[in-house]
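Quick note, the sequences are listed as chains A and B, same order. For the first sequence, my numbering begins at 1 and goes up steadily by one. For the second sequence, my numbering begins at 1001 and goes up steadily by one.
Just so you know, not all the hints are guaranteed correct.
List time: in silico EDC-like cross-link candidates among lysine to aspartate or glutamate, alpha-carbon distance up to 16 Å [claimed, not checked]: (1) A/Lys-51 x B/Glu-1126; (2) A/Lys-54 x B/Asp-1290; (3) A/Lys-54 x B/Asp-1293; (4) A/Lys-51 x A/Glu-30; (5) A/Lys-98 x A/Asp-132; (6) B/Lys-1190 x B/Asp-1179; (7) A/Lys-54 x B/Glu-1126.
Read the hints as simulated data drawn from the structure, not as lab findings.
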Amino acid sequence: MFDYDAERVRAVLLEITRANISPDAGDWFEANLKAKALPAINSTFSVMPRKTGKGVITVQEPDFGTISQIKPGLSLQGWSADRLARVCFLIHLDPSDKDTYLKTIESLFMAAEMSELTALYSSLPLLAYPEDWKMRCAEGIRSNIADVLEAVMYHNPYPAKYLDDKAWNQLVMKAVFTDKDINQIYGIDERANAELALILSDYAHERWAAGRSVNPLLWRPTSKFIDARILNDLRKVLSEGAMEEKVAAALAIYNSDSDEARALLSDYKQLVSMIENRDLAWDRLYGVRETGYEMRDTRSEIRDTRSEI
Amino acid sequence: MCCTHSFEDRRPIDAVSEKLDLENIKGMKFFDPHVHMTSRTTDDYQAMADAGIVALIEPAFWLGQPRTGIDSFRDYYSSLIGWERFRSSQFGIRHYCTIGLNSREANNEKLAEEVMDMLPLFIYKEGVVGIGEIGFDDQTAAEEKYYRAQLELAKESGLPVQVHTPHRDKKRGTLRSMDIALEHGLEPGKVIIDHNNEETVKDVLDRGFWAAFTIYPFTKMGNERMVEVAKQYGPEHIMINSAADWGISDPLAVPKTAALMKIKGISDEAIKLITYSNAIAAFAQSGQIDEKDFNVAVSVDQSQKFEGNTILRGGQQPRTDKSSIIIS
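Pulled out of the complex, with its shape left as it was, chain A reads as follows:
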């Protein structure tokens, strides 16, 4: 029914929810966790922010660790109280009758406002019958509402675990297309595939043809799939790109298994040593400023460059 220890997560989420809302709201919340009738479920779900407020929650360390241990990839960081309470409410719904359970949650999706949608999509990795939410997840990726997209994409382990390659690639492309932070997509490296690498390369070419900039993070999922074409792309980026693009290309190559690609890095020893020192990483592309850094000048001191980080 659940693909994780639901009993445990229910208890932990309830505890975090109570810790982040007023005692009165907490009592109201627990009393309404047992809602069974559809109208009661709908109204409890809707009025949540009126009871819980919308403040950003804090999660204490033991709980934080417990959640990522039971559900790797899931993070509640930055969630609002109403979002957390709604997710907590959803995982307490009675799943014993599959048909009723699926219909109840689907009907919440159908009439949801923006922050309800955010909570609903955040709950995907925690819902019962995970196989049955693939279509809904793909639908979320079609959304044009930024918060909803981010709820599906960021720190959400559902897509990486359940989407097929086609839907996964759509998620990554949509993220690139809407300028999302790809680093926050759980499974971005593990789910990379040759087809996606090709699509990303095509997209970069399209941007270049239009004279537009290319999101440097786009190269991250190409790392393990560097063929002749992508090798050429990365060579071009290394020599012509803006500094963060060069760093991205170097990272993609550095993490690849291709000797031919890695040979390209022999001209970029400083970048390589900065990568080895963890001064540069996918979430630290902007560690080097364009000025005062001569890429090919191996004589300049790395220490000088670091002072700008």
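Based on the hints, put chain B in the right spot on chain A.
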């Protein structure tokens, strides 16, 4: 719902037209409590934000084309609390809505029944600040039935009511709308009577209702007339809106009228009441409006960046240069 008009209604534009200049209201904030953004473009959103509109209310209305099934209503209500709210936030404008079955569609009783059953699902949503816009169009028996039913819903939920008053037989229709609201035990202070004119305003104010005026070319109030109404009745319990929709209308009606009021010597305090504070006071009775939220959208969207790069949060829309022939 707004203003069907025929082109014969058009008056010739005065030979000497006042040049548009909003400089004198720069820095003022506005709240447009009735505007159908679903029918408007992103350029309108940008212009509204530039003119100082920080928040708006989009009442559910007649979309302008037939809706033949319940799902059309559900999708429309969903779009008001979802997609349209997001679209608005991209321009830093806080979007609220009122939810209701409009009078024109009350005349399809079978469908109206289904819509009535669905309304409770939407009226408790975050950002829903009232039941609206409801009231009379043709003043048929079916319209009256669903107007009454929705007044009961408002009473039960404690939400304010946004009442559309009819184009035809307006004065009697307005009086009747108020009589019925009182009959159902609603507090006049929670009912906003919309689309007033010089003929209806006195009765509305005398009975303690909120009087809203729609500044809409050809068929409703012009803003010069509005200035005179404001001078005569003062700023208490009066608010203005654009009711901009799919017809020839003006989403900048509120700031433009504020600018005209300023030129005509109405005080800044009075202008603020009419174009901002009164609407907030009326609709905040829903418990769903907090002025502190107005500017949050702007600062979050524009300033918050990821990891020091230039990706904007919340999908803030980049600006295009409208004066350039180049599109890049």
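Hint consistency between A/Lys-54 and B/Asp-1290 [alpha-carbon to alpha-carbon, up to 16 Å]: holds (12 Å)
Given pair status - A/Glu-30, A/Lys-51, alpha carbons within 16 Å: Holds. A/Lys-51 to A/Glu-30 sits at ~12 Å (cutoff 16 Å).
Agreement of A/Lys-98 and A/Asp-132 with the hint, judged by alpha carbon distance not exceeding 16 Å: Holds: A/Lys-98 and A/Asp-132 sit about 10 Å apart, inside 16 Å.
Distance restraint between A/Lys-54 and B/Asp-1293, which requires alpha-carbon spacing of 16 Å or less: Cα-Cα ~11 Å, so holds.
Straight-line alpha-carbon gap A/Lys-54 to B/Glu-1126, limit 16 Å: holds (11 Å)
Pair hint A/Lys-51 and B/Glu-1126, alpha-carbon separation not exceeding 16 Å: holds (11 Å)
B/Lys-1190 paired with B/Asp-1179 [C-alpha distance capped at 16 Å]: OK: B/Lys-1190 and B/Asp-1179 at ~14 Å, within 16 Å.
Every hint, counting from the list given before, is met by this structure.
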